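Asker: So the chains spell out like this:
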Amino acid sequence: MIEVVDVGKSYGSKRALGGVSFTVAPGEVLGLLGANGSGKTTLNRCIATLLRPDEGTIRVAGHDVRDEPDAVRANIGYLAEFPTLYPSLSAEEFLHFLAGLRGVSRAVADERIGRWLGLFELEDARRLALGGFSQGMKRKIALAGALIAEPKVVLLDEPTNGLDPPSVFLFRQVISKLRSDGCTVLLSSHVLPLVAQSCDRVAILANGELQAVGTIEDLGVQADRPGADLEALFLHHSGLDRAMLERLADAGLGT
Amino acid sequence: MTAQDAVAPVDVAIALRWRLVRDVLLDPFAWVGGVLIAAVAARSGSALTGESLAAVAPLAAGLLAVTVAALGANALLFETAENALLRTQPLGPRGLLTVRREELGWWMHPVALLAAAFGFGAAGLGAAAGAWVSARLATPVGILLALRLRSPRGGRGVVLGAVVVAASALGLLAFGRGVPDVPPTALLLAGAAPTVLLGLAAGRLLDASWDARYEGLASDALAAPSRPRGRMLVGAARLLPLPAPLRVRVTRDLLLLARGADGRGALLLLLAPLSVLAIDLDPTPTAGQLLWRALSAAAMGAGAIAYAVGPGVHRLRVAVLPWARTAPHPGRRALSAGLAWGLGLATAHGLWVLAWIGLARGGWFLADLPALIGPVLGLELAMAHFSVTFSLTRASGRSLIGEGMLIFALPVVAISIALAGVLAPYLIPLYFLVTVKMMRDAAVRIDNLEVTW
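Line by line, the protein sequences give chains A and B.
Residues 1 to 255, numbered by this note's numbering, are exactly what the first sequence covers, in order.
Residues 1 to 453, numbered by this note's numbering, are exactly what the second sequence covers, in order.
FYI, nobody ran anything at the bench for these hints, they're computed from the structure.
Keep in mind the model is a prediction, meaning the values are calculated, not measured.
Built from N, CA and C at the ideal position, the CB exists for glycine as well.
Any given hint could be a false lead.
Which residues of chain A face chain B? A partial, calculated answer using Cβ under 7 Å [as the list claims (entries may be wrong)]:
1. A48
2. L50
3. D70
4. R73
5. Y78
6. A80
7. T84
8. S88
9. L98
10. G103
11. A129
12. G132
13. L230
Just the calculated beta-carbon pair ranges, DEER-fashion [unchecked claim]:
14. G263/B - Q135/A: 38 to 44 Å
15. D70/A - V7/B: 52 to 58 Å
16. V5/A - A348/B: 31 to 37 Å
17. G404/B - D70/A: 16 to 22 Å
18. G260/B - R172/A: 51 to 57 Å
19. F82/A - A8/B: 34 to 40 Å
20. A15/B - E150/A: 47 to 53 Å
21. E150/A - G260/B: 30 to 36 Å
22. R52/A - D207/B: 55 to 61 Å
23. A8/B - D70/A: 54 to 60 Å
24. R106/A - S416/B: 40 to 46 Å
Residues on chain A that point at chain B, a partial pick, calculated with CB under 7 Å [claimed, not checked]:
25. R15
26. G18
27. F22
28. L51
29. A74
30. S90
31. L101
32. L128
Please take these sequences and the hints and turn them into a complete structure.
Answerer: In structure tokens:
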């Protein structure tokens, strides 16, 4: 379970988040949408204990990120937007490293690594250096790394960047399985079809503030546009539709 | 800009590479470290004895430089990810080889200076000059070796043959005391000649024939899967009696060091054992002199280890800190793993110093060892402990603040502990008591670091 209450965070004089509140229940997948710079990554980092929120409270699996960060860390799996992998380690070595960080025994880690690499058809690359991997392969390794300890709460920041369509399909099945296993999943993504297909509810951030949260149907009702697709609702709730129309007109490209 | 004003792509690439290389080569901290290493190299050279030193120094330095150049050339020509960008520019294989040759030449300056220091220590200015020239001319030889090793047509056999010939020459010169009445100048020329001649010939060969072949080899290298070396280290590290979160950190550091992710740290760790050469046992020292010399050697080696395991290992880890920081107890475990490294290596080095003294002159100093054990091990452990803790306490984002301060703080710690070792060894454990808060601060620092990458 994730509970975010009135959270604010600034970088110097720049306010990245302000008054953000929402909850994600066990067995629920919440999609976090927002334009570049809207605060999604900052919010993910606050929940993952990488940043300390300046205001408000965040509780993960019942533990406060400020007061009990280690209890939070014991419950989460975090996939960063640009995860760093050691280029000179092999896929197997890197995944063993991540499993070991969380105290997973070597035998259990071996079994899980085999399962993940098999799922992503990376068995042959098990002992190859990560430096030679494609962007998509690295992403799959990072995803496996985030889930290797089978956490209760999963934070995924742009998880399908660089993945090909079959891998995105596999990824959606993984999300489904996480949901059915009772995991709490926060999924930040720009890929609207993925969010629409995988998430139970959607939260929309703009300029560091939460604009709307609910099912796609709820968002349509809130926008007074029932039946509208997620793209239209996202643009509407984040105020981007009006802003973009103005910018198009300014550029002489208005219709 | 007219066509006449346009700068050639090769010159643009060389200028860009220089901007990157100069930041490393002209870094003042690298210079401080370089001077220390040069002093060790000179001392290592002076520890050699025998008639043929004038010849051995340039040849040994040249061979070492060729090895370094070959490794560097392999990395620059085949392994650097940036090659994908450079190879698609209008440089051509000749242009890229020129850029990389130029760049490797810059990187070889410190190697040549170290070689000269070694030569100077061994046999004076003449040997220093010979060693310097040998090392400077190692660049084309290294490139040629790297190309040869990648060549599908029996490159490895040629290289192996060259190594055997070089080692034989070195052995003959070092132990060739049967050669009567050879003047030192002739020996010096004989020592410098192989690498000088090789260097000149390699330069001509490169110019003449390797442009076209490089293109194909680079393409093959890009297509070939890269299997990391040193997997046996993982098996060995698995035997470490540490809990999993610590063991995987130590294993990761070990693999990264072994695979060249921290060249400076690896070099320091390789040089650390040479510190025993500073122990002068002739004429026979008094017990007090012996203790002080043992402590000096311990401090030199522990200093190298401390710098490698303090800021060096932290720098290796920080890139992937988001992974480690989202796992439980990141600060405590980073500190413990750092200390496991530091204290383990410091203990090994301390035992090496003690063994060196104990075995010298057929065990002449064995009776003195009990008085040395406490001070030597105490000094080694304290220095490694201080460096690891100090570095983590000053961890700040991706970099360290106060890394330069370590250069000044560590000698203060070393001298204080060494003085305690001489005057009142029972006071050494006090160091570990007074640094308990520093350890707590180090762990908290990592726990609370704001990770924005």
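Asker: Check the structure against each numbered hint from earlier and tell me which ones fail, lowest number first.
Answerer: 13, 14, 16, 17, 18, 25, 26 and 27
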